[in-house]
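Trainee: If you want the building blocks of each chain, they are given just below.
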Amino acid sequence: MTTPVLSIRNYTLEYLTGAGPVRVLQDIGFDIAPGEVLGLVGESGSGKSSLAWAIMRHLPKNAREVSGDIRLGDTDLRALPGRELTRVRGRRIGMVFQDPSTSLNPTLPVGRQITETLVTTRGLSPKEAWTEALALLGHVELRNPEALMKRYPHEISGGEKQRILIATAFGCRPELIVFDEPTTALDVITGAKILELFTRLRAETGVAALYISHDLALVSRVADRVAVMKHGKLVEEAPADRIFRAPQHPETQILVDAVPRPERRLVHDQPGERVLLAAQDISVHYARRRLFRPAPPPATQAVGFDVRAGEILGVVGESGSGKSSIARALTGLADFSGNIRFDGRPIAAGRAMDRQYRRAVQIVFQHPDSSLNPRQKVGEILARPLRLFGGNVADVGKLLEQVRLPASFADRWPHQLSGGQKQRVAIARAFAAKPSLVICDEITAPLDVSVQASIIELLLTLRAETGTAYLFITHDLNLIRQIAHRIAVMRGGELVDLLSIDAIDAEHVHPYTRDLIAASPTPVG
Amino acid sequence: MTDLLRRLVRTPQGAIGLLLLLVLAAVCLFGPWLAPQDPEKIDFLGRFRPAGAENWFGADQLGRDVLSRLLVGARSTIPMALAATLLGTVIGSVVGTASAYLGGRWDEAIMRTIDAVMAVPGLLLALLLVSTLGNGATNAMVAIAVAFAPGMARVTRSVALNVRNQDYVKAAIVRGERGSWIVFREMLPNVMAPVVIETTIRVSFAVMLFATLSFLGLGAQPPASEWGLMVADARQYVHQAPWILIAPSIAIAVTAIAFNLLGDGLRDAMNPRNER
Chain A
4 MTTPVLSIRN YTLEYLTGAG PVRVLQDIGF DIAPGEVLGL VGESGSGKSS LAWAIMRHLP
64 KNAREVSGDI RLGDTDLRAL PGRELTRVRG RRIGMVFQDP STSLNPTLPV GRQITETLVT
124 TRGLSPKEAW TEALALLGHV ELRNPEALMK RYPHEISGGE KQRILIATAF GCRPELIVFD
184 EPTTALDVIT GAKILELFTR LRAETGVAAL YISHDLALVS RVADRVAVMK HGKLVEEAPA
244 DRIFRAPQHP ETQILVDAVP RPERRLVHDQ PGERVLLAAQ DISVHYARRR LFRPAPPPAT
304 QAVGFDVRAG EILGVVGESG SGKSSIARAL TGLADFSGNI RFDGRPIAAG RAMDRQYRRA
364 VQIVFQHPDS SLNPRQKVGE ILARPLRLFG GNVADVGKLL EQVRLPASFA DRWPHQLSGG
424 QKQRVAIARA FAAKPSLVIC DEITAPLDVS VQASIIELLL TLRAETGTAY LFITHDLNLI
484 RQIAHRIAVM RGGELVDLLS IDAIDAEHVH PYTRDLIAAS PTPVG
Chain B
11 MTDLLRRLVR TPQGAIGLLL LLVLAAVCLF GPWLAPQDPE KIDFLGRFRP AGAENWFGAD
71 QLGRDVLSRL LVGARSTIPM ALAATLLGTV IGSVVGTASA YLGGRWDEAI MRTIDAVMAV
131 PGLLLALLLV STLGNGATNA MVAIAVAFAP GMARVTRSVA LNVRNQDYVK AAIVRGERGS
191 WIVFREMLPN VMAPVVIETT IRVSFAVMLF ATLSFLGLGA QPPASEWGLM VADARQYVHQ
251 APWILIAPSI AIAVTAIAFN LLGDGLRDAM NPRNER
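Residue numbers (this note's numbering), protein chains in the order written: chain A, 4 to 528; chain B, 11 to 286.
Keep in mind the hints are simulated off the structure, nothing from the lab. All C-beta atoms, glycine included, are put in the ideal place defined by N, C-alpha and C. Watch out, some of these pointers could steer you wrong.
To be verified - Facing chain B, according to a computed beta carbon distance under 7 Å, are these residues of chain A, among others:
| # | residue |
| --- | --- |
| 1 | Q359 |
| 2 | R361 |
| 3 | I366 |
| 4 | F368 |
| 5 | S373 |
| 6 | L375 |
| 7 | N376 |
| 8 | K380 |
| 9 | T469 |
What the hints assert, rightly or not - Only part of the chain B face toward chain A is listed, based on derived beta-carbon distances under 8 Å:
| # | residue |
| --- | --- |
| 10 | G186 |
| 11 | N200 |
| 12 | R277 |
| 13 | M280 |
Stated by the list, open to error - With a cut-off of at most 25 Å between alpha-carbon atoms, the simulated DSS-like pairs for lysine-lysine come out as follows:
| # | chain 1 | residue 1 | chain 2 | residue 2 |
| --- | --- | --- | --- | --- |
| 14 | A | K380 | B | K180 |
| 15 | A | K401 | A | K380 |
| 16 | A | K233 | A | K196 |
| 17 | A | K64 | A | K236 |
| 18 | A | K437 | B | K51 |
| 19 | A | K437 | A | K380 |
Please take these sequences and the hints and turn them into a complete structure.
Mentor: Rendered as structure tokens:
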């Protein structure tokens, strides 16, 4: 048997906090063989990133390593003094981070940052480094590397940045690369291309990798073996194809079940015939014409669609495709031109939205942290729409129970709740008005897969109870294929496709829709 | 709240600032009883008496006890400065938050007006107002409040612009809340932290501004023992009896430092990131 590239044994890590030591990693142990990719999956807070930092030897000051070994080849990483460590980082272990926009120094041209790394890690001369960098960038399919190297990070796209970071990491020829959710911050299609690139580079270089992600479906496609973490413990470790087909541990089972599968429909009924909301030629404007500046182009072209009573209409598209602009127009947060008819009544502009419309159309926002006022208790937050729309303020407890939270949560502050619980409160706030249409703007995007599944389940139960229609905005095509009756596909402010869910695999769909489907990782097995 | 206090005391600036302020508060409350002598008792034999057993901080040109005058004068100095700052903060933070909420042309109009007012230095503006309103402590207080409001409005607006983009404000707009509710209930509570810090730091400016006005003869009027006025009176005798000048100057400086330290401490205590 060959020596593993990375070997971790009985590793236990604690953080010292004001409330005493908190154990974040407990008896972690695994090996990564040369050329192997180990996927590390777990919910947020399961300790995946702490483990990555422990391997990189960059732990916060209050971290205490209780026991265990971390060995890179024959080197004991824990025993290395600071100066030796800088020779390991970058040279022997590379790392690619989640958010490419914060991983590059915004004040230096991209080329300088790559060559600098190559000069320090591989000891090249600046001239050699420049030629090497050009070759590396060309190799990761970046067009015109010469020009790209002279640009600053804000002048290139997120996908390009991530390619540059990956090129640099591979270019240093390390033994191991740690990837910490490298595609989470990117669009579906960009992310899929990055994954392709990762697979190709790995096949070429044979470097070992630790691939961290919360997305089990994605990990099972790129990794050879998958390890599942829960509350700082490794609960299961198995080959990638087996973990999906035959998960052993109940935690893995939960993660596998939570992965949205397009073929498993969760909604079986048909919506009513009555058209609830009809939007025609909606185009959204963010700024008006100024004295010396022409009006900027509208965020969306003229878009038209309708939502029937009790229907779930999915809106998918990349970031910047204008899908959130539609939500803002429908709620009067952005100026728009065009016609909206709600329940047969015309609504000409945001100002014309009366109390009846504002009651009937509710919105749930993407970020649970910012959608609840941190200075108001949950009870106050929920009582306000009740008071405004003629409900009974004493119903706060009932509302909380409706979203499966204990009624005692009314006395809590938002910061005392988890992300999923906050999102439930935001949903309760929307349902306090007894709406007939709820706009969900990427409401599951910042949540873990398993929490996402429970929120979706809640939305469907609420729909069964109240008959509400949903306008469900998301970038997750697999998820929306499970629940929507119809799907609207947007790109660059245009509505490219509006299809019934049965027709999504049909021949006549727009090529972009087909690209989106192809880019959405479907689980193995 | 108690949690905040505990974190405040844990920072050295906060602890010292709080201690100094407690002493100053005690002086404001019990000054007349603490004073060893009548602050206005004239003693011609004791003119310019240096610090000693009879007069701990010396005596002034009329033989009045400097320590007693300081202790009694605290009442007309610190509460006035505090009131002026609070008034300025309330005006400024409401205007700033409202401006951020209204946005667009309203925001532009309000902020450009504020810029125009800020172009006039605070002291000059206060002088202008006092000379229009007439001399006196109350008018000086109003003048300082008005001079402070634009700065507070700017600070508040910059914070409120971030809050304006938060989803809970959008949610309030979407459900059709009135503007006053959004400004006072949704936004203001969330901009308070930086405003409170700014206020404590500004109190020290107010103490000095108020002293300056009194020094120029526009604030408190003689024979009041307001500290700024004491400095003004002592100016001519600086060569004969420097202590008459130094004692109230030190008192003003200590007050300013105390509020500044408290502001620094609050800034650290209110930043939850420092917990880790």
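Trainee: Does the nearest C-beta of chain B fall within a distance shorter than 7 Å of the C-beta of R361 of chain A?
Mentor: With a minimum Cβ separation of about 4 Å from chain B (threshold 7 Å), the hint on R361 of chain A holds.
Trainee: Does R277 of chain B pass the interface check with chain A, least Cβ-Cβ distance below 8 Å?
Mentor: With Cβ-Cβ at 19 Å, over 8 Å, it is violated.
Trainee: Under the criterion of a CB-CB separation shorter than 7 Å, is Q359 of chain A in contact with chain B as hinted?
Mentor: At 10 Å from the nearest chain B Cβ, Q359 of chain A fails the 7 Å test, so the hint is violated.
Trainee: Any CB of chain B closer than 7 Å to the CB of S373 of chain A?
Mentor: Holds. Min distance 5 Å.
Trainee: How about M280 of chain B: closest beta carbon in chain A under 8 Å, or not?
Mentor: Hint violated; M280 of chain B Cβ to chain A Cβ min 13 Å, cut 8 Å.
Trainee: At a threshold of 8 Å, is the proposed contact between N200 of chain B and chain A supported by beta-carbon distances?
Mentor: At 6 Å from the nearest chain A Cβ, N200 of chain B passes the 8 Å test, so the hint holds.
Trainee: Going straight from one Cα to the other, do K380 of chain A and K180 of chain B come out at no more than 25 Å?
Mentor: holds (18 Å)
Trainee: Taken at face value, is the distance from the CA of K196 of chain A to the CA of K233 of chain A at most 25 Å?
Mentor: violated (29 Å)
Trainee: Tell me if T469 of chain A is really an interface residue toward chain B, meaning its C-beta lies closer than 7 Å to one of theirs.
Mentor: At about 18 Å, which exceeds the 7 Å cut-off, the nearest Cβ of chain B leaves the hint on T469 of chain A violated.
Trainee: Quickly compare the C-alpha distance for K64 of chain A and K236 of chain A to 25 Å and report which way the hint goes.
Mentor: holds (22 Å)
Trainee: For the pair supplied as a hint, K437 of chain A and K380 of chain A, is the alpha-carbon distance within the 25 Å limit?
Mentor: Holds. K437 of chain A to K380 of chain A sits at ~21 Å (cutoff 25 Å).
Trainee: For the hint on I366 of chain A, just tell me whether its beta-carbon gets within less than 7 Å of chain B.
Mentor: Holds - the Cβ of I366 of chain A comes within 7 Å of chain B, reaching about 6 Å at its closest.
In this structure, the hints that do not hold are numbers 1, 8, 9, 12, 13, 16, 18, in rising order.
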